[in-house]
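Chains as they are written, first to last, in this note's numbering: chain A, 1 to 260; chain B, 261 to 432.
Please note that a few of the clues may not be correct.
To be verified - Taking lysine to aspartate or glutamate and the EDC-like style, the derived pairs with C-alpha atoms no more than 20 Å apart in a straight line are: (1) B:K414 <-> B:E354; (2) B:K309 <-> B:E382; (3) A:K57 <-> B:D277; (4) B:K414 <-> B:E359; (5) B:K414 <-> B:E367; (6) B:K369 <-> B:E359; (7) A:K57 <-> B:E387; (8) B:K369 <-> B:D275; (9) B:K414 <-> A:D184; (10) A:K57 <-> B:D275; (11) B:K309 <-> B:D358.
To be verified - Chain A is faced by these chain B residues, among others (derived, beta-carbon under 7 Å): (12) R267; (13) A280; (14) Q284; (15) T285; (16) V350; (17) L353; (18) I362; (19) Q386; (20) V404.
To be verified - Some but not every residue of chain B turned toward chain A, in silico, with C-beta under 8 Å: (21) R270; (22) V283; (23) L393; (24) V397; (25) K401; (26) R412; (27) D413.
In short, the hints are calculated from the structure, not lab data.
Idealized CB from N, CA, C, for every residue including glycine.
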Amino acid sequence: MSHMTSEQIEMVLDGTESPPAHVAECGLCRTRYEQALAVRGRLRQAFASVDADAALKRSVTACIRSADRDRRPRAVVAAYRRIAPSLAAAAAIALVAVSLTLYVSGSRQVQAASAELAQIHQANLMPHAELYGSSDPQRMAAFMKRELGFVPAFPRLGAGMDLRGCCVAYFRNRPVGSYVMATDRGVISIIVLRDKPETLRFAGQVRREGRTYHTGAFARNKMAALEIGGLTYCAVGETDTAWLMELLHSLLSGYQDIQD
Amino acid sequence: MLDALYRAARTLTGDVDAAAELVQTTCVKALDRFETFGQGTHGKAWMMKIMRNAWIDQIRRRRVAGPAIPLDEERLEAAPVVETGETDFVQILERFSDERVIDALMELKEPQRMALFLTDVEGLSQEEVAEVLNVAVGTVKSRVSRARAILRDKLANHAREMGYLERRSCRT
Numbered sequence: 001m002s003h004m005t006s007e008q009i010e011m012v013l014d015g016t017e018s019p020p021a022h023v024a025e026c027g028l029c030r031t032r033y034e035q036a037l038a039v040r041g042r043l044r045q046a047f048a049s050v051d052a053d054a055a056l057k058r059s060v061t062a063c064i065r066s067a068d069r070d071r072r073p074r075a076v077v078a079a080y081r082r083i084a085p086s087l088a089a090a091a092a093i094a095l096v097a098v099s100l101t102l103y104v105s106g107s108r109q110v111q112a113a114s115a116e117l118a119q120i121h122q123a124n125l126m127p128h129a130e131l132y133g134s135s136d137p138q139r140m141a142a143f144m145k146r147e148l149g150f151v152p153a154f155p156r157l158g159a160g161m162d163l164r165g166c167c168v169a170y171f172r173n174r175p176v177g178s179y180v181m182a183t184d185r186g187v188i189s190i191i192v193l194r195d196k197p198e199t200l201r202f203a204g205q206v207r208r209e210g211r212t213y214h215t216g217a218f219a220r221n222k223m224a225a226l227e228i229g230g231l232t233y234c235a236v237g238e239t240d241t242a243w244l245m246e247l248l249h250s251l252l253s254g255y256q257d258i259q260d
Numbered sequence: 261m262l263d264a265l266y267r268a269a270r271t272l273t274g275d276v277d278a279a280a281e282l283v284q285t286t287c288v289k290a291l292d293r294f295e296t297f298g299q300g301t302h303g304k305a306w307m308m309k310i311m312r313n314a315w316i317d318q319i320r321r322r323r324v325a326g327p328a329i330p331l332d333e334e335r336l337e338a339a340p341v342v343e344t345g346e347t348d349f350v351q352i353l354e355r356f357s358d359e360r361v362i363d364a365l366m367e368l369k370e371p372q373r374m375a376l377f378l379t380d381v382e383g384l385s386q387e388e389v390a391e392v393l394n395v396a397v398g399t400v401k402s403r404v405s406r407a408r409a410i411l412r413d414k415l416a417n418h419a420r421e422m423g424y425l426e427r428r429s430c431r432t
């Protein structure tokens, strides 16, 4: 009499096979099967209380509210009709949000660029974010030069701001620089791109003191981008856009241009 | 669906804020791939696959000085599978808080963790999990089996620490 293999237990749990008669006769196999079943049930029970909260639901649907509902309404309906029959009813909320956002916004890249930038910032916020940190800006510049092939402008420090470190992230599958600053408005990521700010397709543009700032948002994150010296500096943080523009202005108007 | 996405994001990231962000990103990426959603596509599995790919993209973006986060199967530690044999283990499980159970799951390596989560919590079939994780069905079976055994042993060890179970020698 051979005991059940782990694979057999999985197939029974999966419903692919019925429990063999051996289970009733063998205490060991019965215990293994019952324990596996119990672990599955307990896991399912534990996650039953984990739900998306109202804030998340609001932020997902914010895309819908902010969209131009009159722009492509027919496409929205068509898209939803195409997708709905093949989905369970439970899928409706997210997929309506998805299809509405896609077809109403009229530009997927708008959200995609903002999402990628927000994602880079979010990664910088995580406790285990691996930043290259140094008290010597020259060393950080050397790191950026080595990783990116160029040295972005580094901010002037002080005035309530600290440079936590820098890292190389990826935007549109290309390496970009990012340095992370601690400010009195929270942690701000400055992402340095070779992409022109226009290609980010942010929602707004603001002319200020002869410079054009591009402004956008994704979820809780606000963004402001400014092109200087052939590079686009995008500030991302959970604060207001005007403050981010001010930050960029103060950082880059008298930056330490560390070139090799 | 949003709840399912959020649960999966929590399981992937282990962080409330990062999970919320990942859900947002997943929805946006789903827009870009909307045309890949064909007749008969399993909606939940489709979204889960997009989410996992988005998470992997995010990890890859973090290519910075320092060790990379291992994702491949080969880097998995060979965790010993211990048969506890305690008949009262099933009852003991009910004494753990939901948070403790989830924390124990989060201690598993990501490939095993997600395979077990998608199978046990979200109820996807092994074929669907294989599609989401981009591995063979056989790999899913072994990951799920191993993950469940490790989780069971972690909870059993915790039960012993808490005095729920007697400390006794285990058969290996």
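Could you tell me which of the hints above the structure violates, numbers in ascending order?
7, 9, 11, 23, 24 and 27
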